[in-house]
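K.L.:
Sequences are here, hints too, so could you generate the full structure?
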Amino acid sequence: MSSSGAGALAPPGSAALAPRGATSGSTRADRRRARARRLGVRTIALGYLALLLLAPVAMIFYRTFEHGLGPVLDALGEPNFQKAFWLSIEVVLIAVPLNTAFGIGMALLLERGRFKGKALLGMLIDLPFAISPVVVGLALVLVYGKTGWLGDWLTEHGIQVIFSVPGIVLATAVVSLPFVARETIPVLHELGTDAEQAAATLGASGWQTFWRVTLPGIRWGVVYGVVLTTARALGEFGAVSVVSGRIQGQTQTLPLYVQDRFENFDITGAYVASLVLALLALGTLLAMNLLTRRTRAAKAAI
Amino acid sequence: MAIEVQSVGKRFGTFTALDDVNIRVGDGALTALLGPSGSGKSTLLRIIAGLEEPDEGTVTIGGADVTSVPARDRGVGFVFQHYAPFKHMTVANNVAFGLTVRRRPRAEIQERVKELLALVRLDGLADRYPSQLSGGQLQRMALARALAVQPDVLLLDEPFGALDAQVRAELRAWLRRLHDEIHVTTIFVTHDQEEAMEVAEQIVVMHEGRIEQAGTPRELYESPRNEFVMTFIGPVNRLGDAFVRPHDIQLLSEASPGSTEALVQRIVHLGFEVRVELTLPDGREIWAQLTREEAQALELAEGQILSVRLPAPREFAA
Amino acid sequence: MESPLPSSDSTVSLRGPHWPGARLRAQGAGALGKGLLGIYLSALVLAPIAALVAKSTTGGMDAFWREVSSKEAVAAIKLTLIASLIIALINAVFGTLVAWVLVRDEFRGKRIVNAVIDLPFALPTIVAGVVLLALYGKNSPVGIDVTFTRAAVGLALLFVTLPFVVRSVQPVLLELDLAMEEAAASLGARPATVLRRIVLPSLTPAILSGVALSFARAVGEFGSLVLITGNLPFKTEVGSVYIFNQIENDNVAAAAAVSVVLMFAAVVVLGLFTLLSRWRSRHVL
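Protein chains in written order, with this note's numbering: chain A, 655 to 956; chain B, 800 to 1117; chain C, 201 to 485.
It is worth saying that the hints were derived from the structure and are not from the lab. Incorrect hints may have been included.
For lysine to any residue, the following SDA-like pairs were computed, each having C-alpha atoms within a straight-line distance of at most 25 Å [said to hold, decoys possible]:
1) A:K772 <-> A:R682
2) C:K234 <-> B:V868
3) A:K772 <-> C:L232
4) C:K234 <-> A:L804
5) A:K772 <-> C:K338
6) B:K886 <-> A:P840
7) C:K338 <-> A:T922
8) A:K772 <-> C:Y240
P.N.:
What follows is the structure, encoded as structure tokens:
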């Protein structure tokens, strides 16, 4: 998700659908036609969005409170709900920092390092985009499961990855891997090396240069990447489905809980959990939008 | 600290940036590396700074071989063409940076920053951000920043290239005066021969990775060693293989032994200087440089035929 | 004139720290960092992919082929690929349309609409399934019920892939030099012609990129489909659900084989489109 794309709005006074030149010497009928065209396109676009996006999401709010506040509060108080909620949070708090460090490291490697095969490395980082989450889960089981490549070694050392929290963290980390790297790389590229070289001539060590000069320069790209990573991590379903064993109260993240409630005909429970996730999603959207303006301003200043 | 560069070579892929370069810069000298783009002057500067490593040769600063010493340990101050400001830090913090990373006590840092900002006449702007400064102010900040850690050597890479003509002129004079005050060995890179002539005590002329000639501005102007140096420094008329300076051409009101006739094609008045474009009898075109008074005395007019005396032309072995 | 700078015989050297081992230490840290990155990447991406490919081919290529060509697998793969393709093409049209409106048009609430585009990305896929079911499922307030139909597959995929083309096209559209269109108009071109000959060619690389991303995303989609499609084999069971079922039934080899097929499709399409758009931008711009 390109950070320069999200939140990109036209400056006021930009051309409408009909190029300005076409209206010079045009009749009133022409202008009416152009206006009708513009409204028509707008209606189609907005209608499409409303039917596909807005209406369904509005339904969550409606359906959740359909039977009043009571059932909602009951659902929120369910111990399994709360366990699922906190498990999701815990997983995010581990996976996101790991991916952030990885993303910044990769960005530095690709933008400041000198070696062949950068294109290949870039493709590897993007690979989680192309793989179905279920496939990710399967692949992880094949390595870290009891009969997987590392299965014997893990059992020997008493470590359980699959069907346990570490596996969920792993799966979540894989699916949300690329975002920080993808958002940081272009910013790092735009930043250029001049300031870093200046810092070197002034006596700064590599670490000092990174901490005092490079990192502040890329921080908005990093933050935006972190927001995207968090959103993806919170919402992950497929990979965690495979990897967790979906044991209620233990290895059930919030998205898994939603499915569980649904399949057990606890519709209110499902909707309440969905609502919580949707609210978190809306929070993410807000953050994304606020930050896009900052990242673009930062890029413009460079 | 004196600087010695010996037999330095540098290639980028198949492109040779520097080829067997030798220069010597005396302690406290103010030297210009002058040449067209691609001549290797910036590469040489960066090698002296430690921002690049040469493929061959050595660099010596103050008698010590620093060829494999990284930039941060060389004690050089470097000023970039586009200032390389730390955009997210205030002017004061920019200037303080070198001291901050050396973990000097805060009081000491504050004191020195104040002194330096006063030196470069940026006091009062300490809490501004680089985005709020003009080009000239940014360059002065960059200088203050480089000077803060008392470098043994000050290196400037086309420091005034990105500035307006007027600001450039001001900063040139200011750099000269600064050097008079603090006597740090200074090397600056420029493609502007006028700038080099005006500011530097010693000029090193570079071309295609090689040193063409090194000397004082006067030496280079009056005794150029080859065609490139003569055409690069100062105005020149080219007559086949011979070169004549425009102001060495004498315009006479009447014929005299050793003079030829010439047709005045065009007269250009540039304030104090007057340029006269002439055509010689054999069809060759040259131009002469006169003062306003000389031109007036001759009562020049376009289309006029007068006598010119050319000096002994300078020729260089191919 | 006395130097305004502190005297240079101050006792503390202001040169950079002359750590003899500094350079080696820096190189060591660099190597350690690269090593950690390598281990992380291997543990999360390289090893799992390798294990997947290895598992899918244990028993040789005939076994692989057998798993992949079982009737149910073929149905699932076909449904996935065709549906994803159709969806990607629909996105090409509607996504561009939406991007156009967001960039070139002005209306109240545009900023909110623009923000909402990213919702399918931020929303967990299972929740997407739930909400689509709420509106277009059994108790639909508008009377549309697509549960257990292929339309449900299309609907869910459209939802989750919405942002890709839009966000891919928007920045390009923003950067597009209006002067080009005005020049064309002043030379007598009608708006439709300007669109066809000036605007769309410039947008094509971005559209293709968005389409490729849509396709790759759609091929792998799982969470939004499990609830609304009913996962009926041969009818609404997509590749990812088939794989999931095989895992549950311990047919790991079958799951791995079909996984490789889907992964291959996505990677190939992504690669192809990237090359295509790069070729186009080099030859058209």
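K.L.:
Against this structure, judge whether each hint is valid.
P.N.:
Do the hints match the structure? See the list:
no.	hint	result
1	A:K772 <-> A:R682	57 Å, violated
2	C:K234 <-> B:V868	24 Å, holds
3	A:K772 <-> C:L232	19 Å, holds
4	C:K234 <-> A:L804	23 Å, holds
5	A:K772 <-> C:K338	50 Å, violated
6	B:K886 <-> A:P840	18 Å, holds
7	C:K338 <-> A:T922	16 Å, holds
8	A:K772 <-> C:Y240	17 Å, holds
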